[in-house]
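Top line first, the protein sequences correspond to chains A and B. Note that this note's numbering has the first sequence beginning at 2, numbered continuously upward. Note that this note's numbering has the second sequence beginning at 2, numbered continuously upward.
Be a bit skeptical, because a hint or two may be false.
As the list makes no split between identical chains, a pair holds if one copy fits it or if it spans any two.
Stated by the list, open to error - Keeping only pairs whose Cα atoms sit at most 16 angstroms apart, straight-line, the calculated EDC-like set for lysine to aspartate or glutamate is:
no.: 1; residue 1: Lys188; residue 2: Glu271
no.: 2; residue 1: Lys215; residue 2: Glu312
no.: 3; residue 1: Lys87; residue 2: Glu191
no.: 4; residue 1: Lys114; residue 2: Asp85
no.: 5; residue 1: Lys47; residue 2: Glu74
no.: 6; residue 1: Lys87; residue 2: Glu247
no.: 7; residue 1: Lys87; residue 2: Glu71
no.: 8; residue 1: Lys47; residue 2: Glu257
no.: 9; residue 1: Lys25; residue 2: Asp55
no.: 10; residue 1: Lys47; residue 2: Glu17
no.: 11; residue 1: Lys114; residue 2: Asp100
no.: 12; residue 1: Lys193; residue 2: Glu167
no.: 13; residue 1: Lys60; residue 2: Glu11
no.: 14; residue 1: Lys60; residue 2: Asp85
By construction, these hints were calculated from the structure, which means they are not laboratory data.
Single-letter residue listing:
There are 2 protein chains.
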Amino acid sequence: MQADIRRVGEILADSEDVLILTHKNPDGDCLGTGAALCRYLLSLGKRATVVNADPIPSKFDYLFEGLPQETFEPKCIVSVDVADPKLLGSLEDLADRVDLCIDHHISNTLYAKETHLCPDDGAAALSLYRIFRELGVAIDADMANALYTGLSTDTGCFRYSNANAECYRAAADLIELGADNAWINVKMFETKPLAQFQVLSDAFAGLRMYCDGKVSVLKISQAMLAQHAADTDTFDFVTAMSRQIEGVLCGITMKEQEDGSWKISLRTHEPLDASAICGLLGGGGHMRAAGCNAGPDEEASLQTLLSYIAEQLGCAL
Amino acid sequence: MQADIRRVGEILADSEDVLILTHKNPDGDCLGTGAALCRYLLSLGKRATVVNADPIPSKFDYLFEGLPQETFEPKCIVSVDVADPKLLGSLEDLADRVDLCIDHHISNTLYAKETHLCPDDGAAALSLYRIFRELGVAIDADMANALYTGLSTDTGCFRYSNANAECYRAAADLIELGADNAWINVKMFETKPLAQFQVLSDAFAGLRMYCDGKVSVLKISQAMLAQHAADTDTFDFVTAMSRQIEGVLCGITMKEQEDGSWKISLRTHEPLDASAICGLLGGGGHMRAAGCNAGPDEEASLQTLLSYIAEQLGCAL
């Protein structure tokens with residue numbers, strides 16, 4: 002059942018002992034939205050806490066500063082930015098008891114009893130900001146920081162096409178309400194472990210280019226990660242960089258897993274459909290970002306993809 | 002003489018055959034602001050053109066699409082985003098004839114006959130947007146793209162502390178007026194020549210760390226640039242990356258010049274004053290970003306800086 006803002010206001014006003022669920026592999030949007038909602042409920046004198054199936058990376062600690070870490074039997078469960086019960090991870094068995102879900106993913110499975118879904122919003126934080134504004138909620142600096150974090154992280158710091166005018170205007174409002182935008186962005190975007198740069202350096206040292214510079218292949222082995230004591234976030238960093246190479250229409254990143262198997266990530270520009278290409282090996286995803294598992298011979302799997310890409314681009318390998 | 006917005010409107014309305022000056026080593030803000038102003042003057046039926054002492058990088062071509070490339074004897078000269086006549090490069094002899102300067106640098110030398118200076122603005126494009134809005138100028142999509150480009154590039158895509166609420170709100174307005182924000186940001190921020198990544202890789206392969214990970218040193222030789230046919234923009238890319246290493250309070254980048262001499266760039270976090278450190282070698286700049294020339298033995302110069310930094314941080318080298 003769809004819950005409009007008036008109904009969301011009722012649910013929150015009537016709630017007691019609220020558990021706020023966020024998705025596994027937590028990001029700035031689910032945590033920022035969760036923290037802002039938690040602070041609002043606490044300001045109403047209710048008990049509330051944010052939970053996640055996974056450890057929360059320490060860079061997000063500021064979102065939860067001063068919040069009580071309570072354990073209690075919830076009387077109301079709200080999920081934020083969680084499109085599918087599977088994304089709750091080890092908390093999935095709570096999915097049937099979710100009273101309200103606030104989300105912005107068009108793929109939301111409507112698993113909650115009531116759902117406030119805004120698929121045009123670039124971040125769940127924008128949906129919650131609109132709720133707060135229409136309900137006349139007093140937003141303090143901590144809430145503003147939390148909501149700004151969601152907006153900024155889910156839009157690549159206002160770079161992506163999901164950063165629409167409303168999103169920028171919400172950010173402006175939140176800055177006026179006390180969000181420390183520059184500090185948050187340094188923390189979220191401008192700070193990476195040295196090991197990630199070292200692995201990036203190693204990966205580029207082995208770069209292969211095909212199709213006259215239109216296709217790049219970077220390979221990251223477990224040995225590289227081990228040598229620099231890098232974590233698997235490094236995969237995302239290198240994959241993001243591969244899409245930034247000028248002239249490259251398809252950036253391929255091959256990532257060795259702990260069990261020795263390989264995953265392949267694709268980032269494409271027009272006219273290449275990353276999802277269709279990865280479909281060749283049973284994978285999938287979006288038009289511009291997709292992935293698949295390589296077979297036992299990862300180089301043979303790469304060749305399968307390269308042959309198809311070369312055909313699509315009408316070029317020799 | 003300070004020109005308020007009403008006076009700027011008069012000058013522009015009365016102008017004929019307008020030459021718009023931008024600063025050497027042109028960036029998105031001077032070019033975007035210049036292009037938007039040029040389009041406005043053309044819409045009033047005047048002749049106008051944007052000039053620069055240096056070649057304009059091709060990534061900015063879209064700003065000038067459809068603009069006539071005319072040569073004429075100017076009756077009015079306007080400079081945008083130019084704080085000092087020296088920044089006009091080979092066009093410096095026109096400085097005495099500048100009728101109006103629109104700028105946001107507190108360091109503006111007030112060389113123009115009249116100056117509209119807004120030192121709190123994160124970009125000259127924000128100052129011009131405010132002028133347009135208060136004068137009731139009809140902003141079309143091309144003008145919106147140009148102004149958005151200035152806003153975004155001078156604020157690191159809304160990351161830096163100079164991106165205030167007004168800046169975000171202006172961006173929101175410009176998106177509604179037709180600015181293609183996602184396309185512009187991919188072009189400005191997410192596209193870099195392959196050679197830059199290759200030099201970055203080589204530089205990190207030779208990374209040195211001091212003071213328990215608080216100081217990093219990267220060295221870029223002319224040989225590295227030559228090997229990958231990289232341009233000197235690579236220096237900026239590597240310097241920017243050095244500041245993103247987690248835990249590093251001082252990122253030092255040493256850059257060999259074409260004549261074999263070395264320049265040193267510093268990026269710092271609190272408590273290190275980059276300008277004071279570079280002052281040891283006769284250089285200077287800002288608190289968080291500064292530079293200097295190394296002496297004939299660049300490693301000895303580095304040692305001078307490192308010793309001072311270690312003292313400041315109270316650590317052994």
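Here's how the hints hold up against the structure:
no.: 1; hint: Lys188 x Glu271; result: between (32 angstroms within a copy, 14 angstroms between copies)
no.: 2; hint: Lys215 x Glu312; result: within (13 angstroms within a copy, 49 angstroms between copies)
no.: 3; hint: Lys87 x Glu191; result: neither (31 angstroms within a copy, 32 angstroms between copies)
no.: 4; hint: Lys114 x Asp85; result: within (13 angstroms within a copy, 63 angstroms between copies)
no.: 5; hint: Lys47 x Glu74; result: within (13 angstroms within a copy, 72 angstroms between copies)
no.: 6; hint: Lys87 x Glu247; result: neither (37 angstroms within a copy, 33 angstroms between copies)
no.: 7; hint: Lys87 x Glu71; result: neither (25 angstroms within a copy, 62 angstroms between copies)
no.: 8; hint: Lys47 x Glu257; result: neither (46 angstroms within a copy, 62 angstroms between copies)
no.: 9; hint: Lys25 x Asp55; result: within (6 angstroms within a copy, 51 angstroms between copies)
no.: 10; hint: Lys47 x Glu17; result: within (6 angstroms within a copy, 67 angstroms between copies)
no.: 11; hint: Lys114 x Asp100; result: within (5 angstroms within a copy, 66 angstroms between copies)
no.: 12; hint: Lys193 x Glu167; result: neither (30 angstroms within a copy, 30 angstroms between copies)
no.: 13; hint: Lys60 x Glu11; result: neither (33 angstroms within a copy, 51 angstroms between copies)
no.: 14; hint: Lys60 x Asp85; result: neither (25 angstroms within a copy, 41 angstroms between copies)
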